[in-house]
Amino acid sequence: MSNVNPYRKSYFNTQPDYLYPAYRSTVKRAPMQPLVQMPQTLSEITGPLFTARDVTEADSDLTVQHAGEPLGERMIVSGRLLDEGGKPVPHALMEMWQANASGRYRHLVDSHDAPLDPNFTGFGRVVTDAQGNYRFKTIKPGAYPWRNHFNAWRPAHLHFSLFGQGFAQRLVTQMYFPGDPLLDFDPMYMSVPDDKARSRLVSSFDWENTLPEYAIAYRFDIILRGRDATPMEKKEQKK
Amino acid sequence: MSLLLTAAQTVGPFVSIGFEKAAVPDVAPAGVAGERVVIAGKIFDGDGQPVTDAVIETWQANSYGKYAHPDDAQEKLLEESFRGFGRVLADAQGGFRLATIKPGAVAGPDGKEQAPHITVVIFMRGLLKHLMTRIYFPDDAANVADAVLNLVPAARRSTLVATKAADGTLQWNVHLQGPKETVFFDY
Ligand SMILES: [Fe+2]
Chain A
781 MSNVNPYRKS YFNTQPDYLY PAYRSTVKRA PMQPLVQMPQ TLSEITGPLF TARDVTEADS
841 DLTVQHAGEP LGERMIVSGR LLDEGGKPVP HALMEMWQAN ASGRYRHLVD SHDAPLDPNF
901 TGFGRVVTDA QGNYRFKTIK PGAYPWRNHF NAWRPAHLHF SLFGQGFAQR LVTQMYFPGD
961 PLLDFDPMYM SVPDDKARSR LVSSFDWENT LPEYAIAYRF DIILRGRDAT PMEKKEQKK
Chain B
0 MSLLLTAAQT VGPFVSIGFE KAAVPDVAPA GVAGERVVIA GKIFDGDGQP VTDAVIETWQ
60 ANSYGKYAHP DDAQEKLLEE SFRGFGRVLA DAQGGFRLAT IKPGAVAGPD GKEQAPHITV
120 VIFMRGLLKH LMTRIYFPDD AANVADAVLN LVPAARRSTL VATKAADGTL QWNVHLQGPK
180 ETVFFDY
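In the order they appear, the protein sequences are chains A and B.
Just so you know, our numbering puts 799 at position 19 of the first sequence, and the rest follows in order with no gaps.
Just so you know, our numbering puts 70 at position 71 of the second sequence, and the rest follows in order with no gaps.
Derived by calculation from the structure, the hints in this document are not laboratory data.
As the structure is a computational prediction, the values presented were derived from the model and not from experiment.
Just so it is clear, CB atoms sit at the ideal spot from N, CA and C, and this is done for glycine as well.
Accuracy of the hints is not assured; some may be wrong.
[Stated by the list, open to error] Cβ-Cβ distance ranges computed for the label pairs, FRET-style:
no.	chain 1	residue 1	chain 2	residue 2	range
1	B	Arg-96	A	Ala-802	33 to 39 Å
2	A	Leu-962	B	Gln-48	26 to 32 Å
3	A	Pro-898	B	Glu-19	17 to 23 Å
4	B	Arg-96	A	Asp-841	39 to 45 Å
5	A	Leu-815	B	Glu-79	44 to 50 Å
6	B	Arg-155	A	Pro-898	47 to 53 Å
7	A	Met-812	B	Leu-3	27 to 33 Å
8	A	Asp-834	B	Gly-177	35 to 41 Å
9	B	Lys-20	A	Pro-961	32 to 38 Å
10	B	Thr-162	A	Glu-837	44 to 50 Å
11	B	Asp-90	A	Leu-815	26 to 32 Å
12	A	Tyr-791	B	Gly-110	45 to 51 Å
[As the list claims (entries may be wrong)] Dumping the calculated BS3-like pairs for lysine-lysine here, alpha-carbon to alpha-carbon at most 30 Å:
no.	chain 1	residue 1	chain 2	residue 2
13	A	Lys-867	A	Lys-808
14	B	Lys-20	A	Lys-920
15	A	Lys-789	A	Lys-920
16	A	Lys-808	A	Lys-789
17	A	Lys-789	B	Lys-179
18	B	Lys-128	A	Lys-789
19	A	Lys-808	B	Lys-75
Can you make the complete structure from the sequences, with help from the hints?
Next comes the structure, spelled out in structure tokens:
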């Protein structure tokens, strides 16, 4: 009963560290004591599960949440939620938030001198289907300045929040756009040490899902922690 | 097949755009069994300043010690209306407040039951990946023998145990740094 099949740890250098001084806010917020290593128990391998009933159709279409259409380039962002073993993660809640086409968030703290869009909130949710597929319709966010260092600009990005099927799989990340010249100068993007892991945060242009005369498309697959092979699978691999 | 785990990125300062609407400050709907508790506290940064842009998420078993999840094979009572997930946002003063029930004990790593606890993840601007911790309950006799608490250096264990305020509220503060730094886990 107490035997749990744990999720595996990430490979070296593929996740950011807490402390990354180039991103100034980490300096007073990163823990200084070593993390306490603990085994995963029932409490970590379980987590909230969702169904399509938890969201509405309009939740995944950020262009229909107001009386009029938001300004900006319409785009489809779609992909799959998989685990490290390549298994689809079905019925998982994905939340997404973003700036509007001018690079302004509908948020009191955002003091960027760019216009708000009365027709854009910038928040969406979707639950993955049985094959782990998801799809959002939205507009492309603008880049925006932040005061981390002199003339600091965030590359255009979407924020994604993922629930897998256990709390140990919980992940919040950001999706970027291909060819963005701001990426190499962005401390958040650059905080991921491994080149390959970092470049996986960049979506790819997706002809297949474009809607002719209507919207361009980007593809972004998200990979959550996978489980170690079960003892039976391990035995079979040795044969 | 082995795919590369997607790297975490911070929630940034504007996380409340979505999470405010999707907050779950009351974990246990009316009719759910168990001792009702309110857990309240603040998060402090390395300068001792309250953090006003944090999100705390919680996951817990029901009062019988059963998780609403198919991987929980314990033969214990499941309650239809109890999901076990909570999400609260820090307010302008850095305070948060979660209403829930005290969970029952669940199976632990050593074959013994764990002391009642709530699994916690914390997001905020300045955290490139989330923090993982736990809340335990004051004056619970099971805390002494809890396998996870016993992995924590004795002097730091109290950072994981809420304290009972005069009005009955359970107080649990988070210190990101400093002499009272909260214990954060890796698992
Ligand atoms: Fe952002």
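Hint check results:
| no. | hint | verdict |
| --- | --- | --- |
| 1 | B:Arg-96 / A:Ala-802: 33 to 39 Å | holds, 35 Å |
| 2 | A:Leu-962 / B:Gln-48: 26 to 32 Å | holds, 30 Å |
| 3 | A:Pro-898 / B:Glu-19: 17 to 23 Å | holds, 19 Å |
| 4 | B:Arg-96 / A:Asp-841: 39 to 45 Å | violated, 33 Å |
| 5 | A:Leu-815 / B:Glu-79: 44 to 50 Å | violated, 36 Å |
| 6 | B:Arg-155 / A:Pro-898: 47 to 53 Å | holds, 50 Å |
| 7 | A:Met-812 / B:Leu-3: 27 to 33 Å | holds, 29 Å |
| 8 | A:Asp-834 / B:Gly-177: 35 to 41 Å | holds, 39 Å |
| 9 | B:Lys-20 / A:Pro-961: 32 to 38 Å | holds, 34 Å |
| 10 | B:Thr-162 / A:Glu-837: 44 to 50 Å | holds, 46 Å |
| 11 | B:Asp-90 / A:Leu-815: 26 to 32 Å | holds, 28 Å |
| 12 | A:Tyr-791 / B:Gly-110: 45 to 51 Å | violated, 31 Å |
| 13 | A:Lys-867 / A:Lys-808 | violated, 38 Å |
| 14 | B:Lys-20 / A:Lys-920 | holds, 22 Å |
| 15 | A:Lys-789 / A:Lys-920 | violated, 33 Å |
| 16 | A:Lys-808 / A:Lys-789 | holds, 26 Å |
| 17 | A:Lys-789 / B:Lys-179 | holds, 28 Å |
| 18 | B:Lys-128 / A:Lys-789 | holds, 14 Å |
| 19 | A:Lys-808 / B:Lys-75 | violated, 43 Å |
In summary, the numbered hints that this structure violates are 4, 5, 12, 13, 15, 19.
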